[in-house]
Each structure stands twice: as C-alpha cells, then as structure tokens.
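J.: First to last, the protein sequences are chains A and B. Take the first sequence: its letter number 55 is residue 83 in the working numbering, and every next letter is one higher. Take the second sequence: its letter number 68 is residue 254 in the working numbering, and every next letter is one higher.
No lab work stands behind these hints: they were computed from the structure. Be careful, since some hints might not be right.
[What the hints assert, rightly or not] DSBU-like, lysine-lysine: derived pairs with alpha carbons at most 30 Å apart: (1) Lys-101/A - Lys-137/A; (2) Lys-50/A - Lys-85/A; (3) Lys-37/A - Lys-243/B; (4) Lys-189/B - Lys-85/A; (5) Lys-37/A - Lys-50/A; (6) Lys-241/B - Lys-189/B.
[Said to hold, decoys possible] Rough simulated footprint, nothing fancy, chain B against chain A, three-plus residues with beta-carbon under 8 Å: (7) 73-86; (8) 97-107.
Here the structure is a predicted model, which is why all the values come from computation and not from measurement. Even for Gly, the Cβ is constructed at its ideal location relative to N, Cα and C.
Residues per chain, in single letters:
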Amino acid sequence: AQRVTQPEKLLSVFKGAPVELKCNYSYSGSPELFWYVQYSRQRLQLLLRHISRESIKGFTADLNKGETSFHLKKPFAQEEDSAMYYCALILYNQGGKLIFGQGTELSVKP
Amino acid sequence: DVKVTQSSRYLVKRTGEKVFLECVQDMDHENMFWYRQDPGLGLRLIYFSYDVKMKEKGDIPEGYSVSREKKERFSLILESASTNQTSMYLCASSLPAGKETQYFGPGTRLLVL
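Whole structure, please, built from the sequences with the hints as guidance.
T.: This is the structure in structure tokens:
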C-alpha cells in the first residue's frame, strides 16, 4: 500500500543550525514526491517537488530510491522557516491524488 | 494567481445538524479535493472529483458526501454532524492527473458541539 511517513512530530533547532526533516515513502511504482509548507495562519502551499531539482528558500530535497526517502534539508535555519511541513506522494494512476505524511512542525529558535 | 476560496473560516454547529462547506476555484481546474487536517494525522482525503458530477471516495469518506454541479464549485456535506468531525477542512484544486501542484484554500475550522 502507498504510504508516506514523517517520523518527527516536532523538530526544534536554533537559528543558523542545519535542518533535516525526514520523509520515507512506500510505493511500488516510480514515485514523485513533494514538500508542502504551512506557515502560521496561512494556507498550505507547495515548497518543492523532486522532479524540479530546485532549491526554494534554501531548502533542497533529494529522492533516494534505495532508502525510499525524500528528506528536506537546509544548511542554516532561519526563524521564518518555522512552520508545519508535509511530505506528499502523488498517485497519477488515481487522478493525481496526494498521499500526505503526518507532518512535522519545525520550530526555529533565536 | 490561482484562487481557491472556502465559504467560512470558522463554523460552530451542533451534533446532528446538516453542514455544508463550500469551495470555489477560479482557475478552471478539473480536479477538486476535500481533506481534513488533524494534528498528528496530517491531511487525509475525504472525497475528490475529477469532473462535474463525478466523485470518488478518498480514504475517509464515512459520514460525508459531496456535490459538484459546476466545475468551479465543490461542496462537502456532513449529513448529521458528530463531535468526531470537529476538524480543519481544506479544499484543493488542480489540473488533471496532477500535472501541476494542488492549490489549497484557507481552510474551514469546524467545531461540532
């Protein structure tokens, strides 16, 4: 069955420290994965998708098919990165449904 | 700029009431989705629709129904609200087959007393 797992409910780091938000997936086909972010009192929005291979707001994520992971990384966290982060897997054979992980709340302390 | 709007930001209803949550998108998207968002559970898909008058059950459809009479509007209906349906409800829309990202509405926080 398709599944996305984010093992950390809360991640707390100090400003300037590196950040890694973990995401593991279970999918029999060729996966396409996304990271979504929800800042306080804002709507959920796309942060990045693995096929774009781009860095957004200093964040990157690499798909590791061997480890079935898509961890989100940033070398130096900023206070404005504090938000809820969701990893998601798209199911093209089911109309573009997204399977979301449980979410990780990132708190960046000054 | 894609706009997905939801009829209410906050809603308080009593157990047993029929509740309508409305979602409108202005980008002519074929696909529309309803999720509920709960702490520790992430977003769970309730129903989705890939065309007018079409609907598909998501992962947690029990206690809910939907209506899509027009392309731009997707309604979520709680036939008889229960306290365990207290949650944040998010609507989203996208082009077919996920050719681009899903765009989300601001959410409706529903409290069932």
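J.: Provide an ascending list of the numbers of those earlier hints which the structure does not satisfy.
T.: Going through the list in order, the structure violates hint 8 alone and respects the others.
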